[in-house]
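Model the placement of chain Y on the given structure of chain C, informed by the hints.
There are 2 protein chains.
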Amino acid sequence: MRGLGDRMILYQDRIAASLGLNNNDFISVDILREKGPITAGELSKLTGLATGSVTALIDRLEKLGYVRRQNDPSDRRKVIIVPLYENKQEVSNAYLPLHSALVKLASSYTVEELELITQFLGKASTVLGEQIHILSSTTGNKSSS
Amino acid sequence: MRGLGDRMILYQDRIAASLGLNNNDFISVDILREKGPITAGELSKLTGLATGSVTALIDRLEKLGYVRRQNDPSDRRKVIIVPLYENKQEVSNAYLPLHSALVKLASSYTVEELELITQFLGKASTVLGEQIHILSSTTGNKSSS
Numbered sequence: 001m002r003g004l005g006d007r008m009i010l011y012q013d014r015i016a017a018s019l020g021l022n023n024n025d026f027i028s029v030d031i032l033r034e035k036g037p038i039t040a041g042e043l044s045k046l047t048g049l050a051t052g053s054v055t056a057l058i059d060r061l062e063k064l065g066y067v068r069r070q071n072d073p074s075d076r077r078k079v080i081i082v083p084l085y086e087n088k089q090e091v092s093n094a095y096l097p098l099h100s101a102l103v104k105l106a107s108s109y110t111v112e113e114l115e116l117i118t119q120f121l122g123k124a125s126t127v128l129g130e131q132i133h134i135l136s137s138t139t140g141n142k143s144s145s
Numbered sequence: 001m002r003g004l005g006d007r008m009i010l011y012q013d014r015i016a017a018s019l020g021l022n023n024n025d026f027i028s029v030d031i032l033r034e035k036g037p038i039t040a041g042e043l044s045k046l047t048g049l050a051t052g053s054v055t056a057l058i059d060r061l062e063k064l065g066y067v068r069r070q071n072d073p074s075d076r077r078k079v080i081i082v083p084l085y086e087n088k089q090e091v092s093n094a095y096l097p098l099h100s101a102l103v104k105l106a107s108s109y110t111v112e113e114l115e116l117i118t119q120f121l122g123k124a125s126t127v128l129g130e131q132i133h134i135l136s137s138t139t140g141n142k143s144s145s
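So the protein lines, in turn, are chains C and Y.
Taking full-length UniProt numbering, the leading residue of the first sequence gets 1, the next gets one more, and so forth.
Taking full-length UniProt numbering, the leading residue of the second sequence gets 1, the next gets one more, and so forth.
Treat the hints as calculated values from the structure; they're not laboratory data.
There's no promise every hint is true.
Note that the list lumps identical chains together, so a pair holds whenever it fits in one copy or between two copies.
Derived DSS-like pairs: lysine-lysine, alpha-carbon spacing no greater than 30 Å straight-line [stated by the list, open to error]:
| # | residue 1 | residue 2 |
| --- | --- | --- |
| 1 | Lys35 | Lys123 |
| 2 | Lys104 | Lys45 |
| 3 | Lys35 | Lys104 |
| 4 | Lys63 | Lys35 |
| 5 | Lys63 | Lys88 |
| 6 | Lys35 | Lys88 |
| 7 | Lys63 | Lys78 |
| 8 | Lys104 | Lys123 |
In isolation and in its complexed conformation, chain C is listed as follows (with noise of 0.2 Å):
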């Protein structure tokens, strides 16, 4: 796990690097295209930034065209924050390579067999934001990186 992990993480620096992204906000951009759209405070809650640094961080990512601030349809007292990341093709492009590779690993096994390594992904996934969250929780939120 902690060999993927360190590779996934030097692969996003590069796609986010390639894109003219810092990471962060790269990981945020993702983070909104798997939630869909959330208020900042939601977003402040799954990366553990700080309030201020994700109105920082919207501000960057609408000017680029990642994402656009609008009125809750449900409740016109908030903002949310939509992704607009699917009309970047530029993203899709990026990540292609891996997902051809992906796609080719995938294809040596059985759908059962693929079928028990996404519940597993799904779950360590899990895991994991709730280890993100107890050290938000610990180490107080950090300004950025």
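For chain Y alone, coordinates are given in the frame of chain C:
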């Protein structure tokens, strides 16, 4: 995979911060732990960092007691970097809660299932390593982040 990757990055970032290390330095410590003693040139290749950045990085890590430079016993002209990672009690302490949570998660799988998952994670890790290598050679080395 991407959701897991994002969380691994955020988690590692938190752990590094709690140890007073910057994230890139910490990844190198982890790579050294995995690969055992290697030369600065090999570390440069594995991380995709430029040679000058790796020299500065080793200086920082040596000062903090995470690594030690020594002559390669099998070739006295070569200097290798020896990880002192496992000596650091605070590192194992930092990982302990995640480790326990993952052991608990693993206990819900059979030995055969865990073998399959471990094998997949290893292969995915190799795929990522190849992609990092490709990205580093096409976009050039970066100095730091």
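Evaluation of the provided hints:
1. Lys35 with Lys123: So Lys35 and Lys123 pass the 30 Å test inside a copy (16 Å) and across (28 Å) alike.
2. Lys104 with Lys45: This pair counts as between: shortest inter-copy Cα distance 25 Å, intra-copy 35 Å.
3. Lys35 with Lys104: Both: 27 Å inside a chain and 26 Å across chains, each within 30 Å.
4. Lys63 with Lys35: within (21 Å within a copy, 41 Å between copies)
5. Lys63 with Lys88: within (14 Å within a copy, 43 Å between copies)
6. Lys35 with Lys88: within (17 Å within a copy, 37 Å between copies)
7. Lys63 with Lys78: within (21 Å within a copy, 49 Å between copies)
8. Lys104 with Lys123: both (23 Å within a copy, 11 Å between copies)
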